[in-house]
Structures are given as C-alpha cells and as structure tokens.
Amino acid sequence: MHLTAQEEHILAGEEGHGHQKAMELLVALGDIYGAERLIPIASAQVSGASFKTIGDAGIKFLEDFSQHSKVSVRASLNPLGLDLQRWKAMGVDEEFHSKQDRIVRAYKSLGVEPLYTCTPYLAGNRPRRGQHLAWAESSATVFANSYLGACTNREGGPSALAAAIIGKTAEYGLHIQENRRPRVRIQFESIPEGMVPLAGYLVGKIAGKRLPVVEGLSLSPDEHKSFGAAMAATGAVSMYTFTQPGRKTKLDLSGVEECVTIPTSELTGTADGLKGGDQWDLVALGCPHCSVAEIKKMARSLKGKKPSKRSDVWFCTSRAVYNSCPQEVAVLRRFGKVLCDTCMVVAPIERLYKRTASDSGKAMVYLPTLGKQSASFRPTGTLLEAISC
Amino acid sequence: MLIRARKIKSGRASGKAVVSSCPMSFLGGIDTVSGKILDDESESKGLSITDKVFCFPFGKGSTVGSYAMYQLKLNGAAPAGIVNGSAEPIIATGAIIADIPMVDGIDVSLLRTGDDLVMDADKGTLELLNVAEKEVVTSIVRHRQKILLLQRSGRVGSYRGQWAGVSGFIEPGEDDESAARRELEEEIGVSRLRLVKRLDPIRFRDSEVVWSVHAFLFDIDAPDIKIDWEHQRTEWILPRDVAGYPTVPGLQQVVFKLLEC
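Chains as they are written, first to last, in this note's numbering: chain A, 1 to 389; chain B, 390 to 650.
A hint or two may mislead.
[Stated by the list, open to error] Mimicking BS3-like on lysine-lysine, the simulated pairs with C-alpha atoms at most 30 Å apart in a straight line are:
1) B:512 - B:449
2) B:449 - A:209
3) A:372 - B:512
Everything labelled a hint here was simulated from the structure, so no lab data went into it.
Please model the complete structure; the sequences and the hints are all you need to start from.
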C-alpha cells in the first residue's frame with residue numbers, strides 16, 4: 001500500500017501509540033485486501049458495544065485503548081446490551097450493568113457519539129450519496145450502500161474504530177465503483193404482505209458473496225431497512241442494487257453472471273421453515289431499530305386495543321426516535337417495553353427468555369445463535385394482533 | 390531453510406512451532422488463561438501456544454476472536470508469533486491490538502509442531518532452523534499413453550525400494566532443465582526427449598527435509614531405456630495406476646499435476 005509522508009509518520013509512532021496501532025490496523029487490512037491507499041471518510045459506525053458480544057477482553061481493550069486515543073471524524077456507536085434507563089425493568093443484573101457501564105465510559109472517552117443504535121442514519125448520522133464511510137454493523141452498512149448511495153465495506157468493530165481515529169479507511173471492496181456492479185439478478189414473482197424481511201433473507205442466501213440486483217423492488221425506506229438487514233445477515237455482501245417498477249434505473253448489468261426468479265412459494269416455504277412454535281415468552285419488534293414512521297404505524301394499529309399479556313413485548317428503537325414521538329411511545333408502552341440503546345440481538349436475552357417471536361429476518365439468524373432462543377418469524381401485523389385484544 | 394513471508398504485524402519471534410492444520414478461532418478455540426488449544430478439530434488439541442510460534446492456515450469464527458487474542462496477551466499466555474497461510478481480518482486485527490508479530494503467505498503443511506522457527510515480520514522471512522531445503526528435479530517420461538516408473542535400488546542414499554520418476558539433485562550453478570536432462574542421460578541413457586510441460590517447484594516436507602521438486606514431463610519416441618545402478622526395476626504404467634505403487638513422497642501429486650488427471 002502506498003502511504004503519504006504523514007501516514008508514514010503515524011505508522012512510525014510519531015503521533016502516539018494509539019494512532020500507531022490504528023494505522024497499523026488500517027494498513028494490515030488494506031494489504032490483505034489489496035488496497036493501494038487510504039481515503040478520507042465522512043463518518044464511522046462502531047460495533048462491539050454490548051458486553052454480551054465483546055466480553056471482558058473487549059472491555060480491557062477499550063479501556064486501554066481509550067487512554068491515548070480519540071476519534072478524529074464523526075463516529076457513532078452500535079446498540080448496547082441494555083437500556084441505560086430501564087435496564088432493571090428489562091431484568092438485566094447488576095454485574096452485566098456495571099460491565100456495560102465500563103464499555104460506555106471507554107467509548108465516551110474515545111469520543112464516540114452515544115447514539116447506541118444500528119440505525120445511525122435515523123438518529124442524526126445520515127450519510128450523503130457518494131460519501132465514503134467506515135461503518136460496522138451489517139444492517140447499517142447495507143442501508144448506507146444500497147439506499148443512501150454512500151460507500152462502505154462491512155467493517156469489524158476494531159477496524160471501524162481505527163478508521164474513526166485516523167479519519168481514513170483502506171480503499172478496497174465497495175469503495176471502488178467497479179465492485180458495486182451487480183453480479184446476480186434476482187426477481188420475485190411477488191412479495192406478499194409482511195414478507196419483505198424474508199425476501200431479504202432469501203436474497204442473502206442466493207447472492208452469497210455476489211452483489212445482487214433485485215428487479216421490480218418497490219419498497220418504502222423502512223422496508224429497505226428490514227430487507228437489507230436480513231440480506232446482510234444471511235449473505236456476505238453488504239450491498240444490493242434494485243430497479244423499481246415503472247421507473248428507469250441506470251444500472252451497469254454487464255457483470256451479471258446468473259439470473260434467478262424466486263417463486264412466491266419459496267417465500268411462503270421460508271416463512272413456514274422459520275415459523276417455530278406458537279407460544280412465546282417474548283415478542284420482539286424493532287430489528288433494525290424502529291423508525292418514527294414504524295412507531296407511528298404500530299401505535300395506530302394498537303390504539304383503542306387492550307394488551308393480551310400473553311407474553312412480554314419489546315419495541316426496540318433509538319433514543320432519538322423515542323424522544324421524537326412521545327405520544328405514540330405512550331400507546332406502545334401499554335403493550336410492552338419500548339427499549340432504547342439496545343435490541344433483542346445484543347441484549348442478554350438468553351438469561352431472560354427461551355422462546356422469542358419477531359418480524360425481523362435478521363433476528364431469525366441471530367436469535368437462535370447469539371440469543372440461544374427458539375425463534376418464530378411472524379409478519380408485523382400478526383404479532384401486533386397477538387399482543388393485543 | 391528460509392521461506393519468504395508477508396508482514397501482517399511487525400516484530401520478530403523465535404521459538405518452537407505449534408501447528409494446527411485446521412482453521413482456528415481464538416474465541417473458544419484457545420483457553421485464554423492457559424494458552425491451551427481446546428478445538429477438537431485440531432491435531433494439536435491440548436498443546437499450549439504460550440510463547441510458541443503458532444501456525445495455522447487461517448482464522449475462523451466470531452469477530453470477538455480479536456479481543457480474545459488481546460485477553461490472551463494480558464494473561465501472559467499469548468504466542469510469541471503467529472504464522473498463517475492467508476491472514477483474514479479477525480486474526481490480523483487480534484495480532485495488531487495484542488502486539489503479536491505475525492506473517493502470512495506460508496504453506497503451513499511444510500511446518501511441524503516442534504520445529505525451531507525464527508520469524509522476522511519486518512524482513513518478511515520465516516526460518517526453519519531444523520529443516521534443510523533440497524532442490525531436486527523429477528522427470529516423468531511418457532511414451533504414448535504410458536509413463537515410466539523406476540524402482541530405486543538398495544544402493545541409493547534415500548527412499549530405497551520406492552518407485553519414482555527420473556530424479557536427482559540440481560547441482561550448484563545448474564539450471565533445472567539441464568539437471569533434468571543430465572539425470573535422464575545418466576539414469577536411463579536417453580538424450581533425445583521432447584519437453585512437454587514443467588511445473589513451478591512443489592515443496593514437500595519429509596522429516597527434517599523439505600524437498601523442492603522441479604517437475605518435468607518429457608515425451609519419448611521409443612521406449613528404449615537402459616537403467617544404471619540407481620534403479621533395480623522399471624515399469625511403463627498408465628498414469629492413474631500410480632496410486633497403486635509405493636512411491637517417493639508427492640510423486641502422485643506431481644504426475645496428476647503434469648498430466649492434469
């Protein structure tokens with residue numbers, strides 16, 4: 001990799017130990033992926049914020065690292081393992097809380113913005129088209145690339161932090177225009193109501209490492225959010241392109257090597273496969289974190305109804321969204337907990353519940369593994385009916 | 390023996406090798422307190438990597454593995470160095486944050502647990518102190534569909550009684566094709582052959598030797614050959630039948646690569 005004189009200085013340790021480590025990391029990853037240089041980034045999104053996912057070793061690393069480092073560009077943080085205000089009501093214990101608190105303090109000292117969400121683009125850190133980013137968090141990465149038109153690879157927690165400290169990232173992968181061309185073309189016969197997350201789930205499986213173009217995809221921004229999150233959870237690629245019915249889209253399709261049509265029966269078959277049981281300890285909504293529009297829509301459909309109280313309910317969102325729609329939040333709170341700063345994937349859910357239902361394709365990947373849950377997929381509408389009467 | 394390597398994390402390390410031929414994760418695959426390998430799939434399960442040069446093909450598993458490497462370092466249980474076939478981000482990140490010198494680009498199948506290794510990431514080298522590399526040629530001679538196998542006699546220095554191609558050391562200052570042709574003349578008395586194909590050197594480990602084999606395929610018009618003292622028998626066989634012969638290490642691979650079967 002070719003480094004500027006100033007980058008060489010940092011690598012030699014002339015700007016301190018923290019900068020040196022960060023630069024070493026960027027250069028090593030750049031070499032592994034065949035990058036030729038570092039490029040400036042507009043922002044970073046840092047993952048590895050929950051005590052559940054990074055453990056004691058992660059705390060120690062962050063505490064040591066925060067002694068002599070600070071971010072130099074805007075950087076926001078992924079969800080924690082708990083709601084900072086309602087962790088006791090969630091059932092999180094003191095020990096987990098105190099370890100989580102050490103992580104929170106280390107990131108604050110590093111200068112990472114405490115958004116605690118997987119949807120930074122709904123909480124103030126919204127990239128513009130064409131900007132280069134170093135974002136971790138698979139669902140945010142895919143939304144930034146595919147819907148917002150920014151450019152980012154799926155960073156790991158430490159590499160996103162290193163990029164935030166230096167203000168640069170190695171130029172490879174999705175930072176290069178050539179690699180943003182689709183290689184597999186996917187068409188759905190139809191996507192029935194509530195099945196958008198499963199459409200993403202299937203696209204990820206089919207695409208694997210290949211960037212897909214999804215034909216005739218007419219989705220709201222929130223639907224893109226859940227489609228992409230599921231795709232990034234089952235596949236290895238952090239971007240899709242799409243065409244919309246009745247709209248001309250300029251797309252370079254010369255790299256497409258395969259075309260796949262997905263019959264509706266495959267979507268319903270996937271739903272059957274992820275159905276799980278009918279009894280749940282928890283109904284978890286908001287993976288990725290709910291937008292204002294989603295909170296409002298759910299509040300509308302629950303208004304005037306009573307909670308069925310058949311299971312606990314979590315509505316997960318960012319604090320920014322929570323604070324901006326207090327009336328609707330009040331409606332939802334009658335049916336369950338509206339949690340901020342955390343979610344069903346990174347909270348210590350395995351200590352609290354065994355059977356969880358969700359409307360998220362991404363959650364169907366992580367609830368059974370990271371969360372040790374028996375997981376059930378249901379469309380949002382079905383879950384709202386189940387929690388109300 | 391000295392092998393070229395690529396720097397991932399700068400630094401120098403020396404010590405005994407601990408080799409795992411399967412991919413490794415530091416989260417769950419290594420005990421961060423004792424440094425012992427826990428992974429059932431590893432042939433080195435139960436061995437400690439602490440202060441050793443830990444060699445494995447590549448990393449696998451959760452990204453938290455990088456932090457587990459940092460924990461291992463804090464516990465004083467880290468390896469002295471890491472050697473990978475091809476580095477991926479989790480192990481590379483862990484090596485950097487935990488300050489463990491690391492190189493990649495090494496064929497881990499050439500390494501054995503217990504080897505004396507010296508790695509220098511900045512120079513881009515890995516030295517095997519207990520291993521010598523020997524440069525040899527081996528020629529497969531083909532007549533129509535069949536290839537020539539020779540059984541090594543009881544008077545040669547190595548691999549007595551085993552089946553081989555026409556083989557020998559490359560002399561100092563000699564290029565490999567000349568060495569191959571010299572051996573063909575000496576061992577089977579043939580000088581008129583057509584070179585059909587050659588392979589980039591293939592390396593094999595056999596006890597304390599790494600054979601660097603320069604392999605050639607020659608066609609011959611008539612199967613008239615005359616063996617010298619180095620061999621006791623010859624046979625013309627179909628290439629696929631090579632698997633049925635007790636051969637010198639790697640011969641089957643050489644034959645299959647040369648004939649692409």
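Results for each hint:
1. Restraint check: the Cα-Cα separation between residue 512 (chain B) and residue 449 (chain B) comes to about 27 Å, which is no more than 30 Å; the hinted pair holds.
2. Annotation: proposed proximity of residue 449 (chain B) to residue 209 (chain A) holds, straight-line Cα distance about 17 Å (limit 30 Å).
3. Pair hint residue 372 (chain A) plus residue 512 (chain B) does not hold up; C-alpha atoms about 46 Å apart against a cutoff of 30 Å.
The structure fails to meet hint 3 from the earlier list, while all remaining hints are met.
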